[in-house]
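Modelling step: build the complete structure from the supplied sequences, incorporating the hints.
First to last, the protein sequences are chains A and B.
To convert, note that position 212 of the first sequence is 212 in the numbering used here; the numbers rise steadily by one, no gaps.
To convert, note that position 175 of the second sequence is 175 in the numbering used here; the numbers rise steadily by one, no gaps.
Hints are computed from structural coordinates only; laboratory data are not their basis.
As the structure is a prediction and not an experimental result, all values here were calculated from the model.
Wrong hints could be hidden among the right ones.
Pairs involving identical chains hold if they fit within one copy or between any two copies, as the list cannot separate such chains.
[To be verified] Cut-off 20 angstroms, straight-line C-alpha distance, at most; resulting in silico cross-link-like pairs (SDA-like, lysine to any residue): (1) LYS37 with GLU98; (2) LYS141 with ASP171; (3) LYS141 with ALA176; (4) LYS120 with PRO146; (5) LYS141 with SER6; (6) LYS141 with SER7.
Number of protein chains: 2
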Amino acid sequence: MSNLGSSVKALVFDVFGTVVDWRGGIMREVAALNRAKGLDLDAARFADDWRAGYQPAMQRVRSGELPWTRIDDLHRLILDGLLQKHGVGGLDEAEKAELNRAWHRLDPWPDAIAGLTRLKRRFIIGTLSNGNVGLLVNMAKRAGLPWDVVLSAELAHHYKPDPEAYRMPPDLLGLANGEVMLVAAHPNDLAAAAMQGLKTGFVPRPLEHGPGRKPAPAAEHRFDIVAMDFNELAERLGA
Amino acid sequence: MSNLGSSVKALVFDVFGTVVDWRGGIMREVAALNRAKGLDLDAARFADDWRAGYQPAMQRVRSGELPWTRIDDLHRLILDGLLQKHGVGGLDEAEKAELNRAWHRLDPWPDAIAGLTRLKRRFIIGTLSNGNVGLLVNMAKRAGLPWDVVLSAELAHHYKPDPEAYRMPPDLLGLANGEVMLVAAHPNDLAAAAMQGLKTGFVPRPLEHGPGRKPAPAAEHRFDIVAMDFNELAERLGA
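Spelled out as structure tokens, the structure:
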């Protein structure tokens, strides 16, 4: 067991890609739309394009071009553009809203619930996602994610990797920054957390972008813990 | 089953008095302090005095005399005054901080966990307390309260019964105000929630202020549901 297991009190998790398989979930929903509407959308391409619109959309908020906007609404902005680009014209407002909520219906990676359940015995476990609170709560209820607390960039009105997003969980939990570990599959997210004094747990998710895609290079970063999945993370932290 | 069971999506609970027995918990901790320190404090009186300081302390924040202050810190302000008043001089800083965290270690009423567990199958269940997020998370972990989401006046920077505190849960959960029910043992809390369009569930807790004390009069208020405990609430809501 790492001695981190005694200094860390709370683990907060990146969600999209780290806890849940956004690509597989969106592909499943797009395939269902194809069947329901007689469409022929490339589900993988659609999922990748939707996700690719996410960072630029957050940047429009950071730059001040848009006011603070929750991710549900950014997802919808991007979706409306994608539907136009792919020539999908036959969806009414309720159908578009329902498709947009596909991001609430993503499935966890196979190890996630068992690992979180084990980690919860020893640590406070929570989210630290750019996803809004409502999205994260709906996702957790559907998937059975056993969070102690649902924390979102929405509560700081700053998306990750802005520093304010990482300082929010220790502040709200009454902990020192170094008593909180961010767990993420994304080295850049972890590096930004480390700059604020949080501990870092890297769990690579090589299938995040689909089979055969190269994961983000992590070699140039140092993390407090690297684990292959949440069960190994629990093992390493003595949970 | 009430037809409220199909229109309400989330139940948010007042905590001190409604979910947990603050008076019994504080009395237990004061009794332990008496034993540890050879003191002779009147535990019931001490608990009642500590709680009685709470509304005036929040009013100092509302009036602008104090900046936004979490309940942990208000509890400590009140405690320091009480220790002085009761002539308790022998506690060091760590002991005072530990005593102040007695509010994190309160026990649920006997029906609370079973009722919440049942309600959680059908509804989003969360807190809506003036207690700060860290306090509520620590309390839930110790007591096994199965919240889906921990919401606190801290997130609105307005204590109940300010209107902003009641509008925050529907806003964060992406629900209409009328899709959220406040459950509380305190008619005034429920009346303020109803003014914002929330549904109301009254669960009287006649022992909140100790045996033989008269509960707050509820007759002049109307609530969407009145239930004797959380199990009956679940029954009435079809959960």
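Hints, one by one, checked against the model:
In this assembly of identical chains, LYS37 and GLU98 lie within 20 angstroms of each other by CA distance solely inside one copy; the values are 14 angstroms within and 61 angstroms between copies. Within a single copy, LYS141 and ASP171 get their C-alpha atoms only as close as 26 angstroms, which misses the 20 angstroms cut-off; across copies the closest is 18 angstroms, which meets it. Taking the shortest alpha-carbon separations for LYS141 and ALA176, only the inter-copy value of 19 angstroms comes in at or below 20 angstroms, while the best intra-copy value is 29 angstroms. Taking the shortest Cα distances, LYS120 and PRO146 sit within 20 angstroms of each other both inside one copy (8 angstroms) and across copies (12 angstroms).
Proximity of LYS141 to SER6 under the C-alpha cut-off of 20 angstroms is restricted to the inter-copy arrangement: shortest distance 17 angstroms between copies versus 30 angstroms within a copy. For the identical chains of this complex, LYS141 and SER7 are inter-copy neighbours only, at 18 angstroms across copies versus 30 angstroms inside a copy, given an alpha-carbon limit of 20 angstroms.
Violated hints are absent here; each numbered hint is respected by the structure.
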